[in-house]
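Undergrad: As given, the protein sequences belong to chains A and B, one line each in that order. Going by full-length UniProt numbering, 436 is the number at position 436 of the first sequence; the sequence numbering is gapless. Going by full-length UniProt numbering, 113 is the number at position 113 of the second sequence; the sequence numbering is gapless.
None of these hints come from the bench; they were simulated from the model.
Pair by pair, the computed Cβ-Cβ distance ranges are: (1) A:L218 - B:P118: 14 to 22 Å; (2) B:A30 - A:D409: 56 to 64 Å; (3) B:T117 - A:D279: 44 to 52 Å; (4) B:D84 - A:T237: 50 to 58 Å; (5) B:L103 - A:Q37: 26 to 34 Å; (6) B:D95 - A:T237: 35 to 43 Å; (7) B:L103 - A:G359: 24 to 32 Å.
With a Cα cut of at most 20 Å, we get these calculated EDC-like pairs of lysine to aspartate or glutamate: (8) A:K165 - A:D84; (9) B:K40 - A:E124; (10) B:K96 - A:E213; (11) A:K90 - A:E143; (12) B:K119 - A:E214; (13) B:K40 - A:D151; (14) A:K38 - B:E92.
Predicted model only: the values in this text are computed from it and were never measured. A virtual CB, placed ideally from N, CA and C, is assigned to each residue, including glycine.
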Amino acid sequence: MKDHCCGPGYASPAEAMMAPREKLLYTIAIYTGTGIQKPDYLATIDNDPDSPSYSQVISRCEMSGIGDELHHMGWNACSSCFDDASISRKYLLVPGVRTSNIHVIDCATDPQNPSLYKVIKGSEIKAKTNLSAPHTIHCLGAEIIISMLGDAKGEAPGGYLHLNKDFDIIGRWESSMGDIPFGYDFWYQPRHNVMVSSEWAAPNTFMPGFDLEEVGHLKYGRRIHLWDFKKKEPKQTFYLGEDGLIPLEVRFHHNPDSTHGFCGAALSANIIHWWKDTDGEWKWEKVVDVDNEPHPDWPIPVPGVISVILLSMDDRFLYLCNWLHGDIRQYDISDPHNPVLTGQVWMGGLLGCAPEVNGVKITGGPQMIQLSLDGTRLYVTTSLFSTWDNQFYPEIRTNGGCMLMVNCDTEQGGMKIDPDFLVDFGKEPNGPSRCHETRYPGGDCTSDIWI
Amino acid sequence: MNTYTVTISNRDNATYKVAAHRPLLSSLCAQGVDLPYGCKYGGCITCAGKLIAGNVEQHRQVALNNRQLENGYVILCVAVPISDITLEIGVESHDKLYRNPFLDPLEPHELKANIATPKEI
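Work out the full structure: start from the sequences and follow the hints.
TA: Here it is, written out as structure tokens:
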């Protein structure tokens, strides 16, 4: 479809939506914290409906050692390099939160059987940058920045690791962290010279598990930060307070001219919307508030715990997961100030609304999601983070995680779980593993940014 | 060299001689014990084991709250023995390590040491 350029990605979000269907899925799967003494791995899933191995894991690329806790990952290049013919979307950078190792995986030489190309050792990252606990990866042109949630000793706020296109450490990306207490996710919108970042907690706080009491001791985040992207320093903070406890994924509109973006506040179970107003000021508001739900065995109602949000490539729909309730919601955000609930499906969760889906007992709840570029297929996995899984869904140790697909109606709105797609990570050859983030070879709805 | 004996209760009471000043994870892995681990600096809890008998010194750990310490958990990547000890290892020892924080809250004295309120006696 490319008629004038040969860099990675697409000329625009609209062109991305016309890309061929994703026929392979790359999903991380972990053994860290499960009792199985095997490395975490990148699973390749056959997603060609005409293939005999459709909806099965067809290869597994193991990391170099145990204990990484793979979590999120990112491409070496995206549509931000669309004009650069010397760059291609070839490598997935797959960090280990606990070891700080960053694995560079070659997904292009043999897309059905990715291989480990290089490991940037956590010890090298700590020695050169005093950073640990890698999380979100974005490329900016031919270079790569990674949010690192801790310093070398696992204390907040950490900072941003800067790599060149050959995956050598340049150093710290940011000029200053300002008064930012915690890091987590980030996204940038270059035409407005802005980056947005959110807050989880220090690695030493969240890695061992979730002590709810530590929220009250201000050990977890409740702010969103706007950065001067060129100066690489924070310039404004939204203090969200009780409306924004543990703000996690931040998503700008894909439209590079837009200033609108959204964040899911996990513990408050709210969606926060920000934008640059007509008076030139950046503002925020709460646009979705998921009610806590009663549970027969709980002394207090169960919060949704919005573990992720995602925007469709056309910026029309926002999807969110309530990991503890067990539902995925689709909102029409054509008016970003007034989201309209247009779809909802259930899988797992603590409320008992859908304990079994497609013949499999779902342990965990809908957690990480990835959407096809055309917006019609949403892939969902059920594990959050090994220690947190162990607290809320201890049976996941023996049952493992799973991946489902949800068919999304992009005309009228609406969602339906696909009855023919299921990847049961409880049946992996080395024993039950847990699946988390997913990406596709051709780019997806959470990696590509347009300059 | 000063050594202690480590007995692993859930590995048929296998015993290992370990150096007094070397973290238990390092000593035991070097002798072929298959142990889980992650950060290797005392922050992530993945390598936690349960101390059944004896004493360790683990001031470098920052992963455990006071309840977990009270329940005998030790962070093997930084803990060093200060006597002969008996350990239970791996996730089999984690029965009291994880709890649903909404159903089973911590008392103020059970938080991590740096934010805990001392228990009034």
